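These are the residues of each chain, in order.
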Amino acid sequence: MPGSTGPDCVIKTVMCADYNNLAAGTPRQIEPCRIYRCWLTSTQPIGRQCDNSDYTPGKSNEYRNTSYRALAARQRAQACPTDDVVVNDLRTSVKPDAWVGQPLERREDAALLTGNGRYADDLGTRPGTLYAAFVRSPHAHARIKSIDMTRALAMAGVRTVLVGSDVRDWSRPFVVGVKQPMEHWCLAVDKVRYVGEPVALVVAQDRYIAEDALDLIEVEYDQITATVDVEAAIGESAPLLHEAVGSNVVSDRQFAYGKPDAGFASAAHRVSLKVLYPRNSCTPIETYVAVAEFGSDGDYDVLSNFMGPFSLHAVMSLALKVPASGLRLRMPRDGGGSFGVKQGVFPYIVALCLASRKAGAPVKWVEDRLEHLLAATSSTGRVSDIEAAVDDDGRIVALSYDQLDDCGAYLRAPEPATFYRMHGCLTGAYRIPNLKVRNRVVLTNKTPAGLVRGFGGPQVYFALERLMQRIAVELNLDPLDVYRRNFINSSDFPYQAAAGALIDSGDYHAALDLAAKQGNLEQLLRRRDAARADGRLYGIGFAAIVEPSISNMGYITTVMTREARAKAGPKNGAITSATVSIDLLGAVTVNVASVPHGQGHITALSQVVADVFGLRPNDITVDVELDTRKDAWSVAEGNYSSRFAGAVAGTAHLAACKLRDKLAVIAAAQLECDAKDVVFSNGNVFLGQAPEQGLKFTRLASGPHWAPAVLPEGMSPGLRETAIWTPPQLEAPDEDDRINTSAAYGFAFDICGLEIDKDTGQVRIDRYVTAHDAGTLLNPALADGQIRGGFAQGVGAALMEEFAYRPDGSFASGTFADYLVPTAVEIPEPIIAHLETPSPFTPLGAKGIGEGNNMSTPVCIANAIADALGPDVDPEKIVLPMTPTRMIELIAPAETPPADFKPTMAGDGERFSTSGSIDIAAPLEAVNRVLHDARALARVIPGCRQLEALGDDRYVGDVSLSVGLVKISFHVEMSIVDEEPMQRIRLSGKGVGTLGTAEGDGRVLLSRTDTGTRLEYTYAFTLTGKIVAVGARMIESATGIVLQQLFQRLGRVASGRAPAAGLWRWLTRLFGRKT
Amino acid sequence: MKKLAHAPHTIALRLNGVERSGECEPRTLLSDFLRYRLGATGVHVGCEHGVCGACTVTIDGAAQRSCLTLAVAAEGRDVTTAEGLAPVGEQLSVLQAAFRRHHALQCGYCTPGILMSCTDFLKREANPSESQVREMLSGHLCRCTGYTNIVNAILEAAATINAATAGKDPAGPEVDSQRSDAGSDV
Ligand code: FES
Ligand code: FES
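From first to last, the protein sequence lines are chains A and B. Numbers in our numbering are just positions in the first sequence, counted from 1, shifted up by 4. Numbers in our numbering are just positions in the second sequence, counted from 1, shifted up by 17.
Worth flagging that the hints you see were computed from the coordinates, not collected in a lab. Warning: the hint list may mix true and false statements.
[Unchecked claim] If you want a taste of the chain A side facing chain B, the calculated C-beta under 10 Å gives, among others:
| hint | residue |
| --- | --- |
| 1 | Leu525 |
| 2 | Leu529 |
| 3 | Leu786 |
| 4 | Val799 |
| 5 | Pro946 |
| 6 | Gly947 |
The structure displayed is predicted, hence computed values, not measured ones. Glycine included, C-beta positions come from ideal geometry on N, C-alpha and C.
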């Protein structure tokens, strides 16, 4: 019976001493961690289910033999690079037979594999929920003159339209990280500053109707010249995004640590390089989703796939003018990938809250892919001038960065964090005492930048590690020698870097040796020699990166001067909460505020907590849904800065230990022993080595619910413990701007061998080796998953991905056919090796591992390409992404550029031209007549709703076309002028539409044939605005078809037949979503 | 004309072996119809332009993008989604179990579509090479896994199914514990 107090056996019991020193929540003593394990996982390990019923505690059963540990044991001898390696775990908290460290299968998978995921768009909504669609700016820079929503509001099914004036009434601009007079609202209020910026929000009874109504909203704009290039944006004459700021540079900070000027003055060599990091994104396959409801108390209730950081909860609440409790945010169990990107949903959450307020009903929005690529977020583009003062051996004496960050149109929180997340460890893996930095935050007419996996790391390491390669080349040194001479020594940890990072643990030399050995670098070098002897382009690149995890909330204040900081008050820490509870039948549940998006939190947490209670992972229920009204959470929570393993799992461990200690006291009373002697193992609670005389865990653990009276004297009832942890090492920036930006610092050393095809420019990765030290691995299979995923994104960033903008600010990467991401045929299998130097600063010794390859892989590939191209190629020409076209330009620059088509129109938009001819079975006169008759023309022009003759050969009308996903409506003004009557006609015009502007100029030549008339046409046109984003390729082919069809219809009308819609229908079916 | 285009139609089809029907407009996408009308939320939508593959379902056994198919086009057809892959009870199919064993998914958003393409593919190509598998997978975007584990899972599933068809022991001693998952063909 539940509640009975267990057998009367008198057992002396022991408590696992293993956890004692951690239970109090104090970090372990700082000491150099030179004891580690290392292994190789280049082959796919076979994980096992964690619900094996034949599990024997403490015995090495089949399950364990197939684990990474066994794999490690087999490979240790060769893998361990030095003799003094002790193959053991420094930490005492994880027992040799612990679940932590096992590559268990994922508990998440059964649901996800059977279509039973619970993603944001899968959850029910209240009856009466309405759907939103955003009107977005077609222009990169324009003043909004007027918004006319009359026609939209008249449409059946449309409930309301939210516009800038509502937003002004009900909300405030978002707070920003720098003090500047600039306003960012959830909808544009006076000006639009990037293509795709939300201007209005239509709320209708379903999504299809809401999207239809977008075309009926008429926004009048006054266009302004856009500022697109970041270096141009800092110029005196650049058009200003925010006039009140008086500049596009919204923050300019300079820092000096040590004596950089003296270092540069006395250096034997100076090596410098200018590099660019492009705008790209990890583009999760699930887009943004939010459902918002305005409550009768004036509060808001939101369900969204937002991922944190929860500091943004404050940004949203302040914008909505409610206390934090007035914004209830709920996040579902499953997230369809985030990679930082889901942070950017927060302005939309605010807009939807206001829309719900206006509509008087819940409002739901599911972003589409075009919206996502166009306007969700982007990594921060960067221009870096980096320079090192180097001695003859390649030792770096001083380092200097001059960096420009392209944050897009608004400084949206958490920007300018791309700079400051990495600030403490700008000297990377190296002992560089002298450092100089200038950071300028620049705004341009592009989508606001934000978190994208790696956040700041890819930008910093693209500069720093390219520079390392240049040092080796310019000083004619072996790159590995340059690394070894500069690396922080393993005896120096914890090591305080020049700008303040307290790098906790590591053995960089060993990691390099491990990578070289496991990756068989010797063989790669021979391969390179052979390829070069053959005249082929083969290169080897390296990258060493320090991977920060668990961000210090205070790092962002480094952007302020110390005076401003003093005024604002200190910010620091990385508060993390976890709750562990036991229910009335004795089962354990853990709840965290981490919002997973595929990282296997349920699996890892159940391993961590099962170890504490001596249970099996499947016995633990893990609740990863988060409700800000019900669960423990604080400012630093969320699924970012690789904080799960170190902070979240560590805090769950602490909470479990608290509860386990309480249970131990209860058990001790029953077993009549000291609480310290109670053992929790294999589902039992007992004394010493006598499990058979102990208590069943569930029996012991359910008791306090049913009979609180039997609790030991003075003990409070209840079995629910929340641990709240923050690493004490994370302090606010000091007087000298030194900042320990993160709690733990992992390490990766990568080697890449690749070949560039001389004819096609294609890069083929021959071998990629990546050696990681992320401290204690909670589940090595999950860790490898993170490495493989980050690696694939790194390959994408290196070779394929970029958000492309035209000089006028039009966006040109609006579909997955334009923004190319790697597929299975482009991604090779990396060789992964692990080394573990547990962090002394996190409860389980774990550090983050999720972002390392996003930081290391792009630059490692770039270094290999630089090596392959050889010293004759300008190192600054190695620009991401290194597409075949760029490669070909570097290998064999075109001798004479092909003659470019020059359209007559002015402007910086996307240009197209087309020509063709068609035979029409109608007399020339009839064809000519149609071309001059507004009513007949209206029937000819595909999608033409009406056409009105204004006289003087001028016409106005409305045309709507479906191209790709997008229905484009234009208000057209055109002229048809006879240059030579009945022979040469010139058609030119301009269409202004919801998605941008089209300007065209063409000529039609008519001649008689045996069967009627031949019509030859040449046509050129320019597109600007959002329309460009749906894909140049698609537009080009669609235009050809549309024109062909136009003239076919012309023929039919001229010969007195009705225009057939066959081709048009086919076209819309092919590309169109709705017709 | 416009009115007619918006008039609701009743669509009847077979979804995962069960006769189902629901109302929709002629312009309703099959992906929307399956998700919101019939509750098959295992159909994921990642791009709505035919590139990412997340929405892939099989229609009369052939893998198709449900975001590029109108619901009316599925009238009377046999549609299968990830919900319909597992054999009875709480088991996983050979393919699903292989995905779990190989950590072939992380966020799982791309996964149902990939499973459906594989289902069609493995019927046509019983013994695929790694490059054939990668080629087939290139119709799907996965942003989490880097693909390798997916490739390994598919190759293993193919081998298991082949062995079973050849009347041999499907799993061999090392994967014995997985047998309970090996309930259906794919
Ligand atoms: S949603 Fe259909 S292919 Fe992407
Ligand atoms: S598992 Fe996340 S997209 Fe494939």
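Practice item. Please flag the earlier hints that this structure goes against, numbers listed from lowest up. Key: Of the numbered hints given earlier, those the structure breaks are 1, 2, 5 and 6, listed in rising order.
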